[in-house]
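Make a model of the complete structure from these sequences and hints.
Number of protein chains: 2
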Amino acid sequence: MNQDVKYIFLQSALTLENPYMDIPQFFNWLNKKKAATHHQITQIPFKQLQNWEFQKSTGNLIHSSGKFFSIEGIEVKTNWGNVNEWTQPIINQPEVGFLGIITKKINGILYFLMQAKIEPGNINAVQISPTLQATKSNYTQVHKGNPPNYLEYFLSKRKDVNILVDQLQSEQGARFFKKRNRNIIIEVTSDIEVKEEFCWLTLGQIKELLTYDNIINMDTRTVISGIAFGNTQIEISNNNSYEKGLLISELDIHHSLHSIEDIISWITKLKSFAELEVNKIPLNEIKHWEKDEMSIHHEQGKYFSVIAVNAEIGNREVARWTQPIVKSAQEGIIAFIIKKINGVYHFLVQAKMESGNFDIIELAPTVQCLTGNYRKGMNEYEVDFIDVVLEPEKHNATIRYSTFQSEEGGRFYEEQNKNMIIEVGEDFNNGLPEKYIWMTLNQIKTFIKFNNYLNIQSRSLLAAVKFI
Amino acid sequence: MNQDVKYIFLQSALTLENPYMDIPQFFNWLNKKKAATHHQITQIPFKQLQNWEFQKSTGNLIHSSGKFFSIEGIEVKTNWGNVNEWTQPIINQPEVGFLGIITKKINGILYFLMQAKIEPGNINAVQISPTLQATKSNYTQVHKGNPPNYLEYFLSKRKDVNILVDQLQSEQGARFFKKRNRNIIIEVTSDIEVKEEFCWLTLGQIKELLTYDNIINMDTRTVISGIAFGNTQIEISNNNSYEKGLLISELDIHHSLHSIEDIISWITKLKSFAELEVNKIPLNEIKHWEKDEMSIHHEQGKYFSVIAVNAEIGNREVARWTQPIVKSAQEGIIAFIIKKINGVYHFLVQAKMESGNFDIIELAPTVQCLTGNYRKGMNEYEVDFIDVVLEPEKHNATIRYSTFQSEEGGRFYEEQNKNMIIEVGEDFNNGLPEKYIWMTLNQIKTFIKFNNYLNIQSRSLLAAVKFI
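Protein chains in written order, with this note's numbering: chain A, 181 to 648; chain B, 181 to 648.
If you're looking for bench data, these hints aren't it; they were derived computationally from the structure. Take the hints with a grain of salt, since some may be wrong.
Just so you know, same-sequence chains aren't split out, so a pair can sit in one copy or run between any two.
With a cut-off of at most 25 Å between alpha-carbon atoms, the simulated BS3-like pairs for lysine-lysine come out as follows [stated by the list, open to error]:
| # | residue 1 | residue 2 |
| --- | --- | --- |
| 1 | Lys629 | Lys284 |
| 2 | Lys629 | Lys186 |
| 3 | Lys451 | Lys316 |
| 4 | Lys316 | Lys257 |
| 5 | Lys615 | Lys339 |
| 6 | Lys449 | Lys316 |
Bear in mind that the values here come from a model prediction, so they are computed numbers and not experimental data.
If you want it as structure tokens, here you go:
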């Protein structure tokens with residue numbers, strides 16, 4: 181990706197005007213899609229699942245083809261944090277899927293080809309997804325259906341395709357066992373048909389739509405979070421000092437509190453002392469979890485449960501199937517605390533260990549928890565900085581961003597998290613627990629480029645950072 | 181690490197003059213150490229191992245403390261390459277060890293505090309190691325001996341210590357199960373005692389000593405390979421056009437064939453399609469390997485064997501112990517092919533899958549194999565580019581570097597590999613197999629900074645790149 185690509189991404193991020201579809205037209209279009217959509221999801225007993233079964237020897241919940249995903253057990257041992265040993269169910273889906281967006285330069289501006297996509301677990305039935313969202317099972321045709329739309333642009337080398345972003349990024353470490361997807365943005369230079377459920381949006385519009393609840397799906401958020409604007413030189417005309425400040429944090433490489441090497445050293449030290457041993461175990465051997473006809477759930481109702489649903493979904497044609505799906509015990513909060521240091525916004529990043537992490541710890545938002553996790557004295561641990569997030573006014577802090585955003589609706593049932601960015605004053609607490617560090621946006625984007633540094637929750641929040 | 185640190189590293193790399201110890205004095209000192217050293221290593225039957233045993237249920241070879249390391253089995257399934265399924269023994273040593281070098285600025289030049297260290301598997305008995313080489317068992321005192329020299333400088337935050345390089349780097353993926361060490365270079369600003377077995381060397385001297393066989397040990401090589409000189413501006417006075425060319429490749433950020441993002445995309449694609457499933461199995465369940473009283477070896481004598489040795493080692497005090505150790509079937513070759521592209525040297529990097537890799541593939545030298553692996557028609561696969569390495573003159577190629585360097589003597593028995601850098605002409609073959617890509621030194625050093633990109637064999641070769 182050369183400097184030109186960074187510039188054209190930035191230009192698209194700074195563009196709200198779209199002659200093909202402005203924001204009111206978008207909502208009009210989306211509402212029509214929703215109205216035309218059949219979306220009926222019903223919880224069913226496990227025994228009504230078709231092509232899914234609990235394997236006799238292990239109790240694992242598997243698909244009869246051996247493909248898609250399975251629900252298995254893991255046993256975790258760690259010296260990190262207060263809880264040093266537990267077992268839990270986890271989603272095992274070892275294949276790397278595609279999350280791909282097609283872009284095209286039209287009159288000099290880069291447009292993103294976005295899809296109105298229905299998923300069983302979606303709040304609002306329809307959310308805006310990347311052009312292509314495909315598991316390996318999808319594109320190798322285990323479904324025996326039609327190949328996904330636009331798949332051909334991603335599969336092989338073509339003269340009319342330039343790759344702009346192409347990264348392997350992690351999924352939820354507490355729910356998935358080392359799952360990663362290929363996050364890819366390509367530019368198509370030839371004419372391309374805009375199919376029924378698709379539309380062109382600028383990056384600025386996508387970010388604008390992230391100020392609304394549950395419109396832009398998780399897959400879109402993770403893909404666009406990988407866009408880095410480098411240290412592109414532009415004139416910053418925005419008068420909003422907060423948005424202007426974010427843009428400076430994204431482009432500036434000279435005023436960070438720590439160097440990249442200092443941050444790598446901080447990560448190295450944490451990873452060196454952290455011990456994490458995760459072993460797969462049969463699902464029927466996990467402790468403190470119960471299984472009944474309708475769900476697999478924690479004995480105290482904590483964390484999440486695995487349920488089964490019957491899904492009837494479609495617009496013109498209605499598809500019907502059954503599948504297991506994960507249901508969160510409560511909503512969660514994910515929040516970045518930000519602060520101006522040396523005149524540049526820094527994000528307070530947390531090193532977080534999650535059982536399904538590919539490499540022990542990943543960089544997470546300042547706060548990432550279910551609401552059930554921060555009731556004082558009622559849990560195994562306290563959540564650092566939760567007070568600032570729950571009662572910002574008491575900490576001289578300003579809420580800069582606050583929306584509800586959904587988890588991926590193919591695996592998670594109506595799960596939403598409060599996404600927040602909260603600015604604190606320059607007098608804010610300088611002695612940090614050793615698991616926290618201040619980073620500029622430019623530095624975070626440098627780490628995102630490489631494998632498995634930023635977790636999906638932090639990427640979701642970073643996707644929402646807007647400059648207009 | 182700020183620009184000053186990069187500059188002072190580079191300055192040390194360009195310095196051969198050392199008033200404390202020049203190269204002849206060094207060899208004099210080293211020979212004295214060798215002469216004063218008792219180093220008697222004898223192969224013994226497994227049953228004479230003390231504190232080591234074959235676990236009854238699994239056949240795994242373990243230490244009675246449960247610490248140090250163990251020899252276990254793994255079962256590998258992959259879609260990478262021609263051999264898609266096998267079992268093998270592997271060293272399991274899950275702890276992260278320290279490989280640490282203390283440096284000190286003396287009269288403006290950075291000196292490295294190096295150790296003459298005896299290891300059982302060392303060719304020449306004594307090799308030059310980092311200041312500190314310690315497993316977690318070492319520094320948490322499972323040995324119940326004295327703490328390693330200088331450990332205190334590395335363990336906790338001190339006012340007189342600056343961290344210059346601090347990276348988590350991988351060990352041999354074909355021999356170790358996901359083993360990593362913390363590679364760290366610190367600068368000490370207070371006075372520091374130079375103990376009996378230690379000496380100060382410049383980085384340039386260490387690189388000069390890498391032109392000799394088996395003087396600088398593997399641990400030193402991996403630590404110094406992590407030093408990046410960034411795009412430091414200096415006047416290049418060297419008249420040797422090859423060495424000058426390497427320095428340009430190290431410092432230049434404008435003339436690479438591919439961008440960093442292009443290279444990340446290439447890695448992402450390979451990792452996305454590569455499938456690697458590695459499961460630990462009991463050592464007594466591996467196939468095509470035989471165990472007798474003296475060794476665990478492949479039925480055709482390929483790859484490596486596990487043997488037991490009695491070690492008597494020491495200078496003033498002689499320690500005696502027994503341990504398992506890995507013995508290679510033959511010597512190996514590791515070689516980088518380099519070529520001037522756009523006037524800047526590029527290294528031909530291979531994406532290599534090895535069973536113990538932390539993340540499926542790592543970046544390896546152009547050629548990395550045992551000599552037993554390239555006898556045409558006698559193996560499962562052909563080694564790409566091996567002809568150029570074996571018969572450079574037939575390919576209009578020049579040998580720029582060729583020495584024997586040792587593997588780590590604590591785990592590997594007198595194992596040495598031929599380390600080569602071979603320059604090809606500009607007309608050299610431009611159509612590469614998809615597992616190969618050209619990178620500048622500056623780009624390679626960028627990837628080294630982040631976890632698990634460059635494998636230990638490539639780092640060993642990069643350590644030897646010298647500019648004077």
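Inset, instruction - Go through the numbered hints given earlier and state which of them the structure violates, listing their numbers in rising order. - result: Result: no hint breaks.
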